[in-house]
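6 protein chains.
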Amino acid sequence: MNQHESPTILIVEDDDGIQAIVDEALTEAGYHAAIAPSGEEAVTLLQGNKDKYKGLVTDISLRGRIDGWEVARHAREIHPEFPVVYISAASGADWPSKGVPNSILLQKPFAPAQLVTAISQLLNTGTATT
Amino acid sequence: MNQHESPTILIVEDDDGIQAIVDEALTEAGYHAAIAPSGEEAVTLLQGNKDKYKGLVTDISLRGRIDGWEVARHAREIHPEFPVVYISAASGADWPSKGVPNSILLQKPFAPAQLVTAISQLLNTGTATT
Amino acid sequence: MNQHESPTILIVEDDDGIQAIVDEALTEAGYHAAIAPSGEEAVTLLQGNKDKYKGLVTDISLRGRIDGWEVARHAREIHPEFPVVYISAASGADWPSKGVPNSILLQKPFAPAQLVTAISQLLNTGTATT
Amino acid sequence: MNQHESPTILIVEDDDGIQAIVDEALTEAGYHAAIAPSGEEAVTLLQGNKDKYKGLVTDISLRGRIDGWEVARHAREIHPEFPVVYISAASGADWPSKGVPNSILLQKPFAPAQLVTAISQLLNTGTATT
Amino acid sequence: MNQHESPTILIVEDDDGIQAIVDEALTEAGYHAAIAPSGEEAVTLLQGNKDKYKGLVTDISLRGRIDGWEVARHAREIHPEFPVVYISAASGADWPSKGVPNSILLQKPFAPAQLVTAISQLLNTGTATT
Amino acid sequence: MNQHESPTILIVEDDDGIQAIVDEALTEAGYHAAIAPSGEEAVTLLQGNKDKYKGLVTDISLRGRIDGWEVARHAREIHPEFPVVYISAASGADWPSKGVPNSILLQKPFAPAQLVTAISQLLNTGTATT
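Chains as they are written, first to last, in my numbering: chain Z, 1 to 130; chain D, 1 to 130; chain C, 1 to 130; chain L, 1 to 130; chain F, 1 to 130; chain X, 1 to 130.
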């Protein structure tokens, strides 16, 4: 199981510091991490490679016109059971109205283990019920 | 526990037949049922009586400009843990991308017991964790 | 399956009105309902008939020295997976610190279907994992 | 929603008394109940009408060569998320090794509401995640 | 995300060996670990810094008058959704009657990954539903 | 907590590459890993040391006559709540009909963190409800 054989998780993050933390946490956990610096690029990648990505970690606040809530909706239109983890600087108050079902929201600051546990739990549930 | 002391569930439905079935099922189960025939009226009722309604049962397809997905988002903005049950004529394929977290979707035809179990489960979880 | 063959649920309630509602809801749902008007009597019944009762529905506020939180702890000492449903007039704010694990709290006013769904869910989980 | 438009649940039961109780409980709850008196007939029905049945309630002990554990496995081969409720006279000790994932086991005697809650919960989960 | 920006978990443990294992496991997972050697000190810390701690890992047996069950109840009175992980040398038989809802009990010996998964799961659920 | 004091997980795997990955992931997570290269040996080990093993990670395809589905059933006959994680090269389509309740299936390729999260979650649930 070389790295290119690991499940690939798409990270959507325009803050270099958080991007590095998320990338390192997922890579150490044995995932392959792909990075999109904007929501627009994330949607392009998801639509262009429908079977490449196995999960999504997206910041809610992104610089372009497409925020993290919208990226997640696009991902779920492609794969209805796509694992989704949101990262939020704020309190997460919008998650109950804007999040997709069966997703997890992490508030900053979070421990890397929270992220790894979140994406792993969602992936495990996904494989089990498909 | 007279009827006016029961939890009030808001039903958003413009099909008279389904409206009657949902109303009867909830009333027999001991709920008080309030009916809004359009998404616009539902939003007005939810915003005007923030503590009156304890749960939402909404059809996804509604005649006005506001569909069931949007009614649910409004309800969750007012109460983050508001119980939400969607009713859909179709396969429910949009639920993973358009539904709110911790909601339940019923496809027609459904048994009245499915509706009663769905709203009761969501209400019970809500009371337990608030 | 005559009534004496149905699972017996112990109701602990000193308010006659609530007692009647709970009794009727459980009986109509096919349970056998036994009533204890105080926490002390409930504890005596549970200890004297360790295999008779299959679940507990208890008000939190009781007139004697033993409240509903304590009745539930006694029940769980006898049977670690005993289904427990609390009934509370207040907001349920004490449940996270005083409730037992895997229990459900209903706030008044509640619909009878909430009670029936709550005890049935807990019983079903119990039989499934024992 | 006439009865023929309700979801049809297949009951596999060779004891007339239990058959009548299950049939009545499901019918009152708004389901359409179809009855197979043996595992062999149940498998024939499931394979011959792949979209007709929406859930299974099966006794574990059946007179023929096919027991309830095997009927459930056949149902899941046809529909991977098929709701399955087992009925057992004994303690359910075999469920952890012989049951299928995401199923519920009811031990006799059970209240009709337990059966209705069990099948409704499983159906609701199924519609939500498909 | 420097260490002082990570979520702080309060560890209540008077055994130096277990204390070191828990401290190291949480720190490697990216948490900041604060240690209280007694239940009394834990309660003082929790009450004095209501927003500092994000989760609790407590041994059940502690040398003072306040045991782990009581520390957890204090924590939940301050924050109703506070993540709670108990560590027990014994079989965990008291957890169903003395534990708080939505908590996890680890029996010694446990793998560090069990602890990290437990606290991460509870934190993730907490952020998602607040 | 020396390694021999950690929970021992039985790995059933005849592919040396996967065996090494699983062994390393569990050992780094703080588990003690025991390896059986065939289903027959796994069953012998489980029956000969009923309290030694705390969880099972088994490939579905094994060279002998006993496949991973059967190993898991044997383990659950010995301990009804035994944690079970299956590893599958294929799509997992057989899990809903051949898996045991409360198990997790991982499809290759998987990240080591998925395996660690899966077994830890199942162990934590087990200790909590026993």
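Check each hint, because a few of them may be wrong.
Identical copies go unnamed one by one, so any copy, or any two together, can satisfy a pair.
[Claimed, not checked] Using 20 Å as the maximum straight-line C-alpha spacing, the simulated SDA-like pairs for lysine to any residue come out as follows:
1) 50 - 63
2) 52 - 33
3) 50 - 37
4) 52 - 63
5) 50 - 108
6) 50 - 20
7) 52 - 90
Since the hints were derived computationally from the structure, they do not count as laboratory data.
Hint-by-hint comparison with the structure:
In this assembly of identical chains, the alpha carbons of residue 50 and residue 63 never lie at most 20 Å apart, being 24 Å within a copy and 34 Å across copies at closest. In this homomeric assembly, residue 52 and residue 33 come within 20 Å of each other (Cα to Cα) only inside a single copy, at 11 Å, whereas the closest approach across copies is 32 Å. With identical chains, the CA atoms of residue 50 and residue 37 are at most 20 Å apart within one copy only, with a shortest distance of 19 Å there and 36 Å across copies. With identical chains, the CA atoms of residue 52 and residue 63 are never at most 20 Å apart, being 25 Å at best within one copy and 31 Å at best between copies.
Taking the shortest alpha-carbon separations for residue 50 and residue 108, only the inter-copy value of 18 Å comes in at or below 20 Å, while the best intra-copy value is 30 Å. In this assembly of identical chains, residue 50 and residue 20 lie within 20 Å of each other by CA distance neither inside one copy nor across copies; the values are 25 Å within and 31 Å between. Taking identical chains as interchangeable, the C-alpha atoms of residue 52 and residue 90 lie at most 20 Å apart only when they sit on different chains, with a minimum of 17 Å there against 31 Å within one chain.
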